[in-house]
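2 protein chains.
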Amino acid sequence: MNFNRRNFIRNAAAGVAGVAAIPTILAATMPEAKVKLKKDNYPFIKKGDVILFQGDSITDAGREKEKELPNVHSSFGPGYAFLIASQLLNEQPDKELTIYNRGISGHKVFQLADRWQKDCLDLNPTVVSILIGVNDFWHKLKHNYDGTLEKYETDYRNLLRLTQRMLPNVRLVIGEPFAMAGCPAVDASWFPEFDSYRAAARKVATEAGAIFIPYQSILNEAAKYAPAKYWTADGVHPSMAGCALMAAAWLNAIKK
Amino acid sequence: MNFNRRNFIRNAAAGVAGVAAIPTILAATMPEAKVKLKKDNYPFIKKGDVILFQGDSITDAGREKEKELPNVHSSFGPGYAFLIASQLLNEQPDKELTIYNRGISGHKVFQLADRWQKDCLDLNPTVVSILIGVNDFWHKLKHNYDGTLEKYETDYRNLLRLTQRMLPNVRLVIGEPFAMAGCPAVDASWFPEFDSYRAAARKVATEAGAIFIPYQSILNEAAKYAPAKYWTADGVHPSMAGCALMAAAWLNAIKK
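Chain order of the listed sequences is W and H.
Residue numbering for the first sequence follows the working numbering, starting at 1081 and increasing by one per position.
Residue numbering for the second sequence follows the working numbering, starting at 1081 and increasing by one per position.
For the record, the hints were derived by calculation from the structure and aren't laboratory data.
Hints should not be assumed to be uniformly reliable.
No copy labels: a pair is met if it fits in one copy or bridges any two.
[To be verified] Below, simulated BS3-like cross-link-like pairs (lysine-lysine); rule was C-alpha separation at most 30 angstroms, straight line:
#  : residue 1 : residue 2
1  : K1304     : K1175
2  : K1175     : K1145
3  : K1335     : K1175
4  : K1304     : K1126
5  : K1220     : K1126
6  : K1283     : K1309
7  : K1175     : K1309
8  : K1126     : K1309
9  : K1127     : K1304
10 : K1127     : K1309
11 : K1222     : K1198
12 : K1309     : K1147
13 : K1198     : K1175
14 : K1335     : K1222
15 : K1222     : K1309
16 : K1304     : K1335
17 : K1198     : K1309
18 : K1335     : K1309
19 : K1220     : K1309
20 : K1231     : K1145
21 : K1145     : K1309
No experiment lies behind these values; they were computed from the predicted model shown.
Please take these sequences and the hints and turn them into a complete structure.
Okay, structure coming up:
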């Protein structure tokens, strides 16, 4: 068989138009299993979109940082961004998506700003998903960082404004920073101050018209079904279950 | 708040019995998004299951091999096993699953057999998922491996029989080895001989009463929607989209 672009286009045209490819593929090859055909689940995602995941260690997930390729496993690492990106690439092969992960462990908002030209604007993303803030608070407790809540909010607002000015058609997805009490890294000294950082993220997201993912509420609700440590090992970094829950929440949010 | 085991059990008991936790969590915290409540999707997976993923580089996915912990990102690497495991852990927090990845890059069936005591039996798995075979063929072409189709089939059959003898209640999931023509690593010299390896995997899976995942058929069908290279970079190793398709197929197969 000869798999080339022309064959692809011909075959795709002969396929089931308007129905998501993956359920159709599984229904055709695994008829004994239960497969529901459904329409495009993610109209928020447009053909040709360039999607960028940005943030700290939660987004970084141990990705390699030499090649930093789009749509490649090792450039994602095993985290929530990998889960979201691989599912979008799988479910929407016709959309020809380009998806990057550029999270860096330990980063705070001002450090995103420092590398925003290279690690955001130069990529010309059409969708930018950001999760940042836990280090803006945590590093004050643990690493003598002297930033304030006001700096976090102001830096974050300025970063989003810059992004929208330079990329007028960008769609923004902002994740709520989260911390789970009762886990090794998160003691009572976090609260209520950390809650103000969550509120600031929601505020700047709302101002920017971004989709906001309420990860803290989601994880609090999840803690009714399994202990907090089941969802985050240390209270800050999500477990595999926590990553999958974050990915489900992200994908769910863009179904609106 | 005090997140402990007792609170967890009380909260879980107060939760929505018989309904999968995750849609319930998302419905409670993201009411504006579309969330469908549904029952346990995976009755094949039992409470307390120990699930083991075994295979070659496709399963390995660059996992770390010092600690080899269950339910931990870095011990999985960003591949299809991570996608399946994180989704199961997320969707079934009440089942208290323990999930291992012990795939090793380059391995053939006889190499699985060599390490089966340590990397399977000692873990006391209740579910064993195996994807092995592409190297049994490929290394004949590329690395002067002198194994035959008969050796592959016999070694595989013996491995499954040993597994079922030592773990009488084990549930087996066997993946079909696959190769996509028109990609850099897969030329015409692969066919039709490679097809016999696929057939042998199906044969031993059927004999053992395993769930069989027809990855080759699934990828062939997927190639109607995007070029083969979209699903596998070189024809052998799945892309991110390919990994997510494999994971969807695996999870779909156990819904039966």
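So, going through the hints one by one against the coordinates:
no.	hint	in the structure
1	K1304 to K1175	between (37 angstroms within a copy, 14 angstroms between copies)
2	K1175 to K1145	within (26 angstroms within a copy, 36 angstroms between copies)
3	K1335 to K1175	both (16 angstroms within a copy, 28 angstroms between copies)
4	K1304 to K1126	between (36 angstroms within a copy, 20 angstroms between copies)
5	K1220 to K1126	neither (40 angstroms within a copy, 44 angstroms between copies)
6	K1283 to K1309	within (28 angstroms within a copy, 42 angstroms between copies)
7	K1175 to K1309	between (37 angstroms within a copy, 15 angstroms between copies)
8	K1126 to K1309	between (36 angstroms within a copy, 21 angstroms between copies)
9	K1127 to K1304	between (38 angstroms within a copy, 18 angstroms between copies)
10	K1127 to K1309	between (38 angstroms within a copy, 19 angstroms between copies)
11	K1222 to K1198	within (29 angstroms within a copy, 40 angstroms between copies)
12	K1309 to K1147	between (33 angstroms within a copy, 19 angstroms between copies)
13	K1198 to K1175	within (25 angstroms within a copy, 44 angstroms between copies)
14	K1335 to K1222	neither (38 angstroms within a copy, 46 angstroms between copies)
15	K1222 to K1309	within (21 angstroms within a copy, 46 angstroms between copies)
16	K1304 to K1335	both (25 angstroms within a copy, 26 angstroms between copies)
17	K1198 to K1309	between (36 angstroms within a copy, 28 angstroms between copies)
18	K1335 to K1309	both (29 angstroms within a copy, 28 angstroms between copies)
19	K1220 to K1309	within (23 angstroms within a copy, 47 angstroms between copies)
20	K1231 to K1145	within (28 angstroms within a copy, 41 angstroms between copies)
21	K1145 to K1309	both (29 angstroms within a copy, 24 angstroms between copies)
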